[in-house]
Every structure is written in structure tokens, then in C-alpha cells.
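Peer 1: Using the hints, put the two standalone chains together into the complex.
Those sequence lines, one after another, are chains P and Y. Position in the first sequence (from 1) plus 651 gives the number in the working numbering. Position in the second sequence (from 1) plus 20 gives the number in the working numbering.
These are computed hints drawn from the structure, not numbers from a lab. Don't be surprised by glycine CBs; every beta carbon is placed ideally from N, CA and C. Please note that the accuracy of each hint is not assured.
[Unchecked claim] A partial selection of chain P residues facing chain Y, derived with a Cβ cut-off under 10 angstroms: (1) S679; (2) Y680; (3) S683; (4) F685; (5) K693; (6) Q696; (7) T702; (8) P747; (9) R749; (10) L750; (11) G753; (12) T754; (13) V760; (14) F761.
[Claimed, not checked] Straight-line distance between alpha carbons at most 30 angstroms, and here's what the computed DSS-like set of lysine-lysine pairs gives: (15) Y/K60 / Y/K38; (16) P/K693 / P/K709; (17) Y/K60 / Y/K39; (18) P/K709 / Y/K42; (19) Y/K60 / Y/K42; (20) Y/K56 / Y/K42; (21) P/K700 / Y/K39; (22) P/K700 / Y/K38; (23) Y/K42 / P/K720; (24) Y/K61 / Y/K42; (25) Y/K39 / P/K709; (26) Y/K56 / P/K700; (27) P/K719 / P/K709; (28) Y/K56 / Y/K39; (29) P/K720 / P/K709; (30) P/K700 / Y/K61; (31) P/K719 / Y/K60; (32) P/K709 / Y/K38; (33) P/K720 / Y/K61; (34) Y/K60 / P/K693; (35) P/K719 / Y/K42; (36) Y/K61 / P/K693; (37) Y/K56 / P/K693.
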Amino acid sequence: AQSVTQLDSHVSVSEGTPVLLRCNYSSSYSPSLFWYVQHPNKGLQLLLKYTSAATLVKGINGFEAEFKKSETSFHLTKPSAHMSDAAEYFCVVSRPPRLIFGTGTRLQVFP
Amino acid sequence: ETGVTQTPRHLVMGMTNKKSLKCEQHLGHNAMYWYKQSAKKPLELMFVYSLEERVENNSVPSRFSPECPNSSHLFLHLHTLQPEDSALYLCASSQERGSTEAFFGQGTRLTVV
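Isolated chain Y (complex conformation) (with noise of 0.2 angstroms):
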């Protein structure tokens, strides 16, 4: 366990759904991040929160939107999702942002049908 956790780990929904996914971590740390792993792709940076302050936008479409409602809780708001939105979303915590490590989750499988 790195101290990081995702729910749901499998999430299957349907291109006019909204859901949820959660990140949490304890680790005290003040950096957090979502990341998308598809097939065959390089891991893509989504995200990055500093401080629940919300510090880059890596030019994800807006029917992904993150929630940071405090330094230990993030959260990836979904809807009207597209089926190549299909992929491994991992949440990961870092003690400054990018300086050190990153700690991640153990990801959520998400399925766009």
C-alpha cells in the first residue's frame, strides 16, 4: 500500500452518465495529481493541485472537471464521456509538485459504453 487510495478500482458507465472518481491520501502530502494510462500511450498528466489551488490544466476536455476540496481529497468529476475516454486513471501525491516522488493509487479502470 503506498498510502494513496482510488474508489472505485472499475467503474463502467454509459456516455450520458455523470460519476465520480475519489483519490485520498494521509501522507501530509500538499501535491496531487490525476493521470490517464491508456493502451499503447505514454502515461498523460490531467491535472495537478498545490495547496487544493489547481495549478495546471493539461488541456483536458471539460467533461473531465477536479474537485480539490481540501489537501487530503481529490476527486474527478465525469460526464458525457466519449467510449476513447476508456482507460486508467491513477491518482498520485506528492510532498512539493514534482520536485520529489509521486505516490499513487492503484487506479481506477474505466469503461465508456
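Chain P on its own, in the form it takes in the complex (with noise of 0.2 angstroms):
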């Protein structure tokens, strides 16, 4: 079965300082991994996502993540927080028909 654990519930950085946030997998096979975002009162926009191509996968705003297979991790990381980050994000299997999602890390971003 699929599933997806975000090991943190809140994350706190420093404007211009990195930023990441992890997510852990779990999949009987060879699974597609997307990160989402979603800013307060909005829904959900598709940051960036890994179909067995390349495993570091470039998403938008900055944000990238790694497939490591070897860690059934893809965590996702931005070289530096900006103020407008401050969102939700959430990492999300596939499992056809449906979309599992993990329940989700708040960031937040000081000045």
C-alpha cells in the first residue's frame, strides 16, 4: 500500500536561510511523488513532482526535491526562505484513482 509520513508538523527558518522539509514513503512499487502548497485560504498548488525520470526534480519558486530510493525518502529543500513561503505544504503518493496525501507541515518564515 501506499503511504506517505511528513516527519514535521511545523517548521521555523530564518528568511534567507534554507529550508527543508521531509517526507518519508512507502510503496510496493516504483511510485510518483508530487509536493503541494497551499497558502492560507487557498487551495492546493502543485509545487513540483517525480515520475521515475530524473530524481532530483526541479519544482516552482526555487524549490526542488530528491527521490532516494535507498531511503524511501523525497524531501523537499529551498536554498533560501523567502517571507512568501509561509504556507503549507504537503507531500503526496499516487495511488490510482486516488491521491494520498500526508498531513502536511506548516512553515514558517521569520524576518
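Peer 2: Printed below as a string of C-alpha cells:
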């Protein structure tokens, strides 16, 4: 069965410092993995997706994620946080016909 | 804008009311979804439609009734709801069922009083 675990419910960083949001997955076959972002009172927006091509995936707004099969991880990173990055981030695995969502990580960015 | 539009954005209804949520997409997608997002809980898949046919009903109470009249429109009919049904209801669409990314609407914030 497919599932994802987001290891941190809250992450706080200072503006200009690196961001790391952690996600581990469980899948019985090669998974499709996604990161979505949700800003307050907004719907979810796709940041990036992994579908068994390159293991390092680049997304929008400077985010990227690396698929590591040996560690069953798909962590989201950004070299330098911006105030506008403050939001909730969801790691997602595809299990057709559904998308399985993690519980989310709330990112706070301090000036 | 993701191309998926939900109306209304906010809805307050009594437990005896009947209301409907509407979702519209013109992305040419053939799958549409209803999700429920409650505080402190993972996003819950409620219904999946593929080519206007309901292909999944995720043990949702019968007080929620979906309708998909065509591939561009999806409704969620609500009646005799409970306060615990208060949540953000998100509509999404995708090109194929679950195999590609989903595009989400901004959601309807539902409050049941």
C-alpha cells in the first residue's frame, strides 16, 4: 500500500536561510510523488512532481526535491527562504485513482 | 489560477438546509474529485469521477450526494449536515485518474450551524 509520512508538523526558518521539509514514502512499486503548497485560505498548488525520470526534481519558486529510493525519502528543499514561502506543504503519493496526502508541514518564515 | 473554479467560496448553513457546491474546469481533464480538509486531519478523498462516471465513493455519508452532469462540472449536494461536517471542501481535476498531478480549486469553506 502507498502512504507518505511527513516528519515535521511545523518548521520555522529565518528569511534567507535554507528550507528542508522531510517526507518518507511507502510504496509497493515505483511511486509517483508530488509536493503541493497551500497558502492561507487558498487551494493546493503543485510545486513539483517525480514520475521515475530524473531523481532530482526542480519545481516552482526555487524549490526542489530528491527522490532517494534507498532511504524511501522525497525531501523538499530550497536554498534561501522568502517570506512568501510561509504556507502549508503536503507530500503526496499517487495510488490510482487517488492521491494520498501526508498530514502537512506548516512552514513559518521569520524576518 | 489553476483553471478549477469553485463556488461559493464560503457557505454557512443550518442542519436542516439543502445546499450545493459547484466545481467547474475547462482544462479538458477527464477526472474530477471532491476532497474534504478538516483541521488537524489529512486531506480525505470523498468521490472520484472519471468520464462522468463515479468510480469511487470513499465511505462518505449519504447526506453528501455528488453529481457530474458532464466532464466540466461537478456538484456536491448537501442535506441535513452535522456540525462536524464543517470543513474546507476542495474540488480537483486531472487528465487521468490518479496518474498525473491534480489541479485544485480554491475550495468552499463550509460552516454548519
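Peer 1: Of all the hints numbered above, which does this structure not satisfy? Sort the numbers upward.
Peer 2: Those not satisfied are hints 1, 2, 13, 14, 18, 21, 22, 23, 25, 32 and 35.
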